[in-house]
Amino acid sequence: MNDFVLQTFQLTKYYHKTPALDHLNLCVPKGCVYGLLGRNGSGKTTAIKLILGLLAPTAGRAEVFGHPSDNLPPSLRSRIGYITEGHHLERWMTIRELEHFQKAFYPDQWDRRFFAEMLDYFELSPKRKIKTLSNGQRAQVNLALTLAANPELLIMDDPMLGLDAAVRRQFLEGMVHLIQKEGRTILFSSHILSDVERVADRIAVIDKGVLRADCTLEEFRMQIRKYLFEFPQPNIPVDTLPGLIYSKRNQQMLEATVVKTPEEAIYEWARRHQAAVEPVPMSIEDQFIEFTGPKQARKLFSWEMPV
Amino acid sequence: MALWVQISPGSKEPLYVQIASQISRAIALGHLRPGDKLPPVRKLAEELVINPNTVARAYLELEQQGFVASKTGSGTFVLDPALQDNKDLAQLNLLGQRIDTLIVQGLNLGLTPEKLIEFFENRVRRFLSEQNKRSP
Chain R
1 MNDFVLQTFQ LTKYYHKTPA LDHLNLCVPK GCVYGLLGRN GSGKTTAIKL
51 ILGLLAPTAG RAEVFGHPSD NLPPSLRSRI GYITEGHHLE RWMTIRELEH
101 FQKAFYPDQW DRRFFAEMLD YFELSPKRKI KTLSNGQRAQ VNLALTLAAN
151 PELLIMDDPM LGLDAAVRRQ FLEGMVHLIQ KEGRTILFSS HILSDVERVA
201 DRIAVIDKGV LRADCTLEEF RMQIRKYLFE FPQPNIPVDT LPGLIYSKRN
251 QQMLEATVVK TPEEAIYEWA RRHQAAVEPV PMSIEDQFIE FTGPKQARKL
301 FSWEMPV
Chain U
1 MALWVQISPG SKEPLYVQIA SQISRAIALG HLRPGDKLPP VRKLAEELVI
51 NPNTVARAYL ELEQQGFVAS KTGSGTFVLD PALQDNKDLA QLNLLGQRID
101 TLIVQGLNLG LTPEKLIEFF ENRVRRFLSE QNKRSP
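Chains R and U are the protein sequences, given in the same order.
Quick note on the working numbering: the first sequence kicks off at 1 and runs consecutively.
Quick note on the working numbering: the second sequence kicks off at 1 and runs consecutively.
Pulled out of the complex, with its shape left as it was, chain R reads as follows (with noise of 0.2 angstroms):
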């Protein structure tokens, strides 16, 4: 036995002959708040959705509670707590007739007080039809739909795409409400990485169906790092800094990312170069657009500098 809520082994999905999920090994560890990362296509959907068994794999598998994802059985999915972006909900229904549909997933453990008292909080009534809702208003009552079920296992595809910050915070607030409960875990797909940083334990960045980064949130900010260089002369051996990724440069002055290296090592390099060199703080968001951009900088938007 191992304390992996999921686990995924080589799982690796094609669409016709493109991959859009290459040779998946992830695991996610029970109370673990995991964050999957990746640009618009790089694969995360259909990762979940393997995930749960709702596509069939290419080739590999996946586990989630030990049990193999093409064939959970009810027992199991109804630990399960699953939210798509988008919130698609029976627009005939009521909100209550929600509730007592819902219910019936989940026999056991149904928390009628919690969601009365969600409801309440967003000053929903439930008798209100789920078709005379606005986005964030059946954004929030399917919130209150998952987290009133007590999920073990949450998983969320995007969850706040498209939600005012208002909604935004209140997925949030629920997301730190579920993880203080004992041993529950969180797998989720987001694009707004400010609120990444706030909830992530560890994160999993996928381009183009391959995982690029499987660390804690802790490392990703620690071992992405920016270094202003400035040289003596004009030509500057940049393919030689160890760990590089990404490099905009001007004359004499190089602003390059590097991926795990030393400090030491930076600043020995500098010194092989006469080079005077400054650590450049970054946000996650510098780190993330760096780490899957192209290696050498150029924008779309950009305009010559003037020389």
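If you are wondering where the hints come from, they were derived from the structure by calculation, not from laboratory data.
Treat the numbers as computed from the prediction; the structure is a model and nothing was measured.
Idealized CB from N, CA, C, for every residue including glycine.
Heads up, some of the hints might be wrong.
Quick look at which bits of chain R chain U covers, simulated, 3 or more residues with Cβ under 8 angstroms [to be verified]:
1) 167 to 173
2) 184 to 195
3) 198 to 207
4) 275 to 284
With a Cα cut of at most 27 angstroms, we get these calculated DSSO-like pairs of lysine-lysine [claimed, not checked]:
5) R:Lys103 <-> R:Lys131
6) R:Lys260 <-> U:Lys12
7) R:Lys181 <-> U:Lys71
8) U:Lys43 <-> R:Lys30
9) U:Lys43 <-> R:Lys181
Starting from the structure of chain R, add chain U where the hints point.
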């Protein structure tokens, strides 16, 4: 006791560093006094809407720096700076390195060494007078 932590996610400083530096500043200014209890990890996490592990990480950082101590089961408390072993070499070295960075920046701004020392002295005095103003 007065502690008001504010964070800005998505900025250049990691969240746990933001929290730890605000608390150590509150201790330095006397807003938090020896023996004061830090808010429980879960409570601060809920208040700031962040992962409780991030708050715990900030408290661990403060503990390693010798500003606070955690007692199992009862919480994390501010230590008396006067009673601390300030001769901890590693910490003094670290402080020295930070001061060095400031010296380089000051010289690059064109300040003379004398001006720099004067400037540094003034800042220390200003900080201490702020501390006195706020203390009851």
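Evaluated hints:
1. 167 to 173: holds (count 3)
2. 184 to 195: holds (count 3)
3. 198 to 207: It holds, with 4 qualifying residues against the three required.
4. 275 to 284: With 4 residues in contact (Cβ-Cβ under 8 angstroms with chain U), the coverage given for the segment 275 to 284 of chain R holds.
5. R:Lys103 <-> R:Lys131: With Cα atoms ~20 angstroms apart, R:Lys103 and R:Lys131 stay inside 27 angstroms; holds.
6. R:Lys260 <-> U:Lys12: Holds, because 18 angstroms separates the two Cα atoms, which is no more than 27 angstroms.
7. R:Lys181 <-> U:Lys71: holds, 22 angstroms
8. U:Lys43 <-> R:Lys30: holds, 22 angstroms
9. U:Lys43 <-> R:Lys181: holds, 13 angstroms
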